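Student: As a plain string of letters, each chain reads:
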Amino acid sequence: SAVISQKPSRDICQRGTSLTIQCQVDSQVTMMFWYRQQPGQSLTLIATANQGSEATYESGFVIDKFPISRPNLTFSTLTVSNMSPEDSSIYLCSLLLGGADRTQYFGPGTRLTVL
Amino acid sequence: GQQLNQSPQSMFIQEGEDVSMNCTSSSIFNTWLWYKQDPGEGPVLLIALYKAGELTSNGRLTAQFGITRKDSFLNISASIPSDVGIYFCAVATNKLIFGTGTLLAVQP
Chain E
5 SAVISQKPSR
15 DICQRGTSLT
25 IQCQVDSQVT
35 MMFWYRQQPG
45 QSLTLIATAN
55 QGSEATYESG
65 FVIDKFPISR
75 PNLTFSTLTV
85 SNMSPEDSSI
95 YLCSLLLGGA
105 DRTQYFGPGT
115 RLTVL
Chain Z
916 GQQLNQSPQS
926 MFIQEGEDVS
936 MNCTSSSIFN
946 TWLWYKQDPG
956 EGPVLLIALY
966 KAGELTSNGR
976 LTAQFGITRK
986 DSFLNISASI
996 PSDVGIYFCA
1006 VATNKLIFGT
1016 GTLLAVQP
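So the protein sequences, as listed, match chains E and Z. Start counting at 1 in the first sequence, then tack on 4, and there's your number in this note's numbering. Start counting at 1 in the second sequence, then tack on 915, and there's your number in this note's numbering.
Note that these hints are calculated values from the structure, not bench results. Small disclaimer: the values here were computed from a predicted structure and weren't measured. Careful: at least some of the hints might be erroneous.
What the simulated footprint calls covered on chain Z by chain E, stretch by stretch (three residues with Cβ under 8 Å from a Cβ of chain E suffice, anywhere in the stretch; the number is not a length) [what the hints assert, rightly or not]:
#	stretch
1	955 to 961
2	998 to 1011
3	1014 to 1020
Cβ coordinates follow ideal geometry from the N, Cα and C atoms, glycine included.
With the sequences and hints as input, model every part of the structure.
Tutor: Laid out in structure tokens, this is it:
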């Protein structure tokens, strides 16, 4: 298994500001993912972040709005830029472990409220 | 885009009852997963299914990968209060696609 921590666990932010969310894992992994979970909804993939390369964004998500860094194999950040109330969501990082089961694990999430 | 439909959307049951929920897709997938999400937490993997027709158990949980590879179900036997949460099915391609979720409430 894997231990994943996220900071902050929650935040309340003003419209127009930006927030950077950190994700730290206890093992070296190639593939990390960032998801958004809007209130009462399922999880939607924002982007895949591989170390040493640019993040790959899903349809509807762009780098200017959600810049991602992946400086090493145990750490990643997601920035939510120029926030609006519509960005109020839980943001979760996730990683994929290799091996036979290729299990994907999730962090505890960052609950963001934008006023 | 691809979509997984889960039913029921929510369930309110008494402790001790058995629970069944399912997940369907219009496309074929070769890996089906079931996750549980507790309030304030990220999803936790319960069961992974890799073979059509496969039936896999994890304690009181049993999941089956449909023979058509377009559906899966999850059963929980003898529910307890800590089973409360949101249950998501997911399929794995080059990424995870999540279902719409089933909210389970268990009354002691």
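Student: Each of the hints needs a verdict: does it hold here or not?
Tutor: Hint-by-hint comparison with the structure:
Here the stretch 955 to 961 of chain Z counts 6 residues with a CB under 8 Å from a CB of chain E, which clears the bar of 3, and the coverage holds. Interface restraint, the stretch 998 to 1011 of chain Z with chain E: holds (4 residues with C-beta to C-beta distance below 8 Å; minimum three). Note: the stretch 1014 to 1020 of chain Z has 3 residues with beta-carbon separation from chain E under 8 Å; the three-residue rule is met and the coverage holds.
Checked against the numbered hints given earlier, this structure breaks none of them.
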